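Asker: So the protein sequences, as listed, match chains A and B.
Residue 41 in numbering that gives the first Met the number 0 sits at position 42 of the first sequence, with consecutive numbering throughout.
Residue 34 in numbering that gives the first Met the number 0 sits at position 35 of the second sequence, with consecutive numbering throughout.
The hints are simulated quantities; they were obtained by calculation from the structure and are not laboratory data.
A portion of the hints provided could be inaccurate.
Stated by the list, open to error - One-sided and incomplete, this derived list gives chain A residues near chain B with beta-carbon spacing under 10 Å:
1. 19
2. 28
3. 32
Stated by the list, open to error - Straight-line distance between alpha carbons at most 25 Å, and here's what the computed SDA-like set of lysine to any residue pairs gives:
4. B/71 - A/74
5. B/118 - B/56
6. B/10 - A/53
7. B/10 - A/34
8. B/71 - B/132
9. B/10 - A/37
10. B/10 - A/56
11. B/71 - A/64
12. B/10 - A/49
13. B/159 - B/49
14. B/71 - A/22
15. A/64 - A/89
16. B/10 - A/36
17. B/71 - A/112
18. B/10 - A/117
19. B/63 - B/26
20. A/64 - A/112
21. A/15 - A/53
22. B/10 - A/89
23. A/64 - A/91
24. B/10 - A/40
25. A/64 - A/38
26. B/10 - B/30
27. B/71 - A/28
28. B/118 - B/145
29. B/71 - A/56
30. B/71 - A/15
31. B/71 - A/36
32. B/159 - B/176
33. B/71 - A/49
34. A/15 - A/117
35. B/10 - A/32
36. B/10 - A/38
37. B/10 - A/19
38. A/15 - A/49
39. B/10 - A/39
40. B/118 - B/143
Please read all numbers here as calculations on a predicted model, not as lab measurements.
Idealized CB from N, CA, C, for every residue including glycine.
Listed here are the chains, written in short residue letters.
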Amino acid sequence: MPTFPSIQLPDAGGFKEIPIDTTIRSGASAGGYVQTRAGHTRDLFQFYLPWEALPLTDADYITLKAFISTVRFGAVEFTWTHSFTHTEYTVRFREVPEFRLNSDGGVPGWSGHVLLEEV
Amino acid sequence: MSLSVVATLEKNRLSSPGAYIPLVEIQIGETVIRLAANNEDIEWDGHTWTRFPLDLDDRMEDGKEMPSLGIKASNALRILQSYIEAADGAPGAAVIVRVVNSLHLDLPADIEETYANAKVSCDDQWVYITLGAENPVAIRFPTDRNLTDFCRFLLSTGFKGIECGATVGDVCDGTLEACRGHGNSVRFGGEAGLSRRGYYV
C-alpha cells in the first residue's frame with residue numbers, strides 16, 4: 000500500500016479532524032422522546048490538511064503532486080501518519096486538491112489543502 | 000413477525016451503542032457471497048461478512064402484488080457484476096436478507112427473510128437487484144422437522160453453530176450419542192421422545 004510522502008507538516012492552526020457521525024435519530028415527536036442508535040460499528044474521521052499560512056515549497060509540492068498521481072486521486076487507499084498524534088491511518092483522498100501558486104503572508108509557495116477520509 | 004426478547008429490549012431502548020446491521024447472503028450456484036452493510040467486517044454465525052456499500056430499499060407490500068425488495072450494491076470494482084454475468088444474470092438465485100444487532104452477534108438474526116433474484120441491472124456505480132418472493136415450492140414447511148435421533152441444528156446452522164453451541168470435537172454425525180460425547184446433549188436438536196413411526200404435525 001502506498002504511503003503518504005514525508006513533506007512539510009500542514010498548518011497547525013487550520014488542521015481539522017472531522018468526525019463522520021452516522022448516529023440514527025428518530026427526530027422530535029409529540030411524545031417528547033428521541034431515540035438514538037449507532038448507525039455503524041466503526042467511527043470514521045476525515046482529516047483536513049491545509050498549507051495556507053506556510054505554503055508548500057516547490058520540491059514538496061512536486062512530491063505531493065506525484066503522490067496524488069500515484070494513487071490516482073481518490074481511487075487508491077494509502078497509509079497516512081497523523082501529522083500531530085503520529086497515529087497511522089488507512090485513508091484516501093476525499094477531495095481532489097487544488098493548489099495555488101502565491102505569496103500570501105510574504106512566503107512564496109504553493110498554498111492549498113487536501114481532505115483525507117478514513118477507509 | 001415476532002422478535003426475540005433481546006431484540007424487543009433493544010428496540011425499546013431510548014439509546015443504544017448497538018447498530019442494526021443488514022447482512023445479505025447471495026447464493027449463486029455453489030458460490031455464496033456474504034456482505035454486510037457496515038463500515039467494517041462482521042463475524043456472525045461462523046462466517047466473515049464483508050463490509051460493502053449496500054442500500055436496502057423499503058420492502059414493497061401493497062396486498063395486490065407480490066412483495067419485492069430492492070438492493071443497490073456498489074459496482075465500483077465490478078465485483079458483483081462479474082459473479083452475476085458468469086451466472087447469466089443469476090435468475091432465481093436465493094438472496095437471504097438478515098438483520099443482526101452488533102451487540103448480540105452471538106445470537107440468531109433478529110430478522111431473516113429469503114427472496115429470489117427477480118431482476119438485475121448494472122451501471123458504472125451500482126448493481127440494482129430487485130428481489131421477489133421465493134419459489135413457494137422451495138419453501139420448507141413446516142419450518143422445522145424434528146427427528147428422533149438426528150439433530151436438526153446440524154443442517155441449519157451446523158456443528159458448533161449458534162443453535163448447536165458445542166465447544167469440543169471436530170465432527171458430529173447428528174446423533175444423540177455424538178452429542179453426549181461432546182458434552183452438549185442439553186442442546187441436542189433431535190427429539191428423543193418422539194415415536195419413530197409416522198409423521199406428526
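Asker: Hints first: check each against the structure and report whether it holds.
Answerer: Here's how the hints hold up against the structure:
1. 19: Holds. Min distance 9 Å.
2. 28: Constraint on residue 28 of chain A not satisfied, violated at 12 Å.
3. 32: Holds - the Cβ of residue 32 of chain A comes within 10 Å of chain B, reaching about 6 Å at its closest.
4. B/71 - A/74: 21 Å, holds
5. B/118 - B/56: 15 Å, holds
6. B/10 - A/53: Distance ~51 Å between residue 10 of chain B and residue 53 of chain A Cα, so the pair is violated.
7. B/10 - A/34: It holds: about 9 Å lies between the C-alpha atoms, which stays within 25 Å.
8. B/71 - B/132: Measuring from Cα to Cα gives roughly 18 Å; hence the hint holds.
9. B/10 - A/37: 12 Å, holds
10. B/10 - A/56: Violated. Residue 10 of chain B to residue 56 of chain A sits at ~55 Å, over the 25 Å cutoff.
11. B/71 - A/64: Violated, at roughly 35 Å.
12. B/10 - A/49: Answer violated: residue 10 of chain B to residue 49 of chain A is near 43 Å, above 25 Å.
13. B/159 - B/49: 21 Å, holds
14. B/71 - A/22: At roughly 21 Å apart (the allowed maximum being 25 Å), residue 22 of chain A and residue 71 of chain B satisfy the hint.
15. A/64 - A/89: Measuring from Cα to Cα gives roughly 19 Å; hence the hint holds.
16. B/10 - A/36: This hinted pair holds, its Cα atoms lying about 9 Å apart.
17. B/71 - A/112: 33 Å, violated
18. B/10 - A/117: Roughly 30 Å separates the two Cα atoms, so the pair is violated.
19. B/63 - B/26: 28 Å, violated
20. A/64 - A/112: The hint holds at about 12 Å.
21. A/15 - A/53: 16 Å, holds
22. B/10 - A/89: Status violated; Cα separation ~34 Å.
23. A/64 - A/91: 14 Å, holds
24. B/10 - A/40: 17 Å, holds
25. A/64 - A/38: Between residue 64 of chain A and residue 38 of chain A the Cα gap is close to 36 Å, so the pair fails against 25 Å, i.e. violated.
26. B/10 - B/30: 34 Å, violated
27. B/71 - A/28: 30 Å, violated
28. B/118 - B/145: Cα-Cα ~36 Å, so violated.
29. B/71 - A/56: Not OK: residue 71 of chain B and residue 56 of chain A at ~45 Å, beyond 25 Å, violated.
30. B/71 - A/15: Status violated; Cα separation ~33 Å.
31. B/71 - A/36: Given that 25 Å is the threshold and the Cα spacing comes to 23 Å, the pair holds.
32. B/159 - B/176: 16 Å, holds
33. B/71 - A/49: At roughly 36 Å apart (the allowed maximum being 25 Å), residue 49 of chain A and residue 71 of chain B break the hint.
34. A/15 - A/117: Cα-Cα ~14 Å, so holds.
35. B/10 - A/32: With a Cα-Cα distance of about 14 Å, the restraint between residue 10 of chain B and residue 32 of chain A holds, given a limit of 25 Å.
36. B/10 - A/38: 14 Å, holds
37. B/10 - A/19: 24 Å, holds
38. A/15 - A/49: Since the Cα atoms of residue 15 of chain A and residue 49 of chain A sit roughly 9 Å apart, the hinted pair holds (cutoff 25 Å).
39. B/10 - A/39: 16 Å, holds
40. B/118 - B/143: 30 Å, violated
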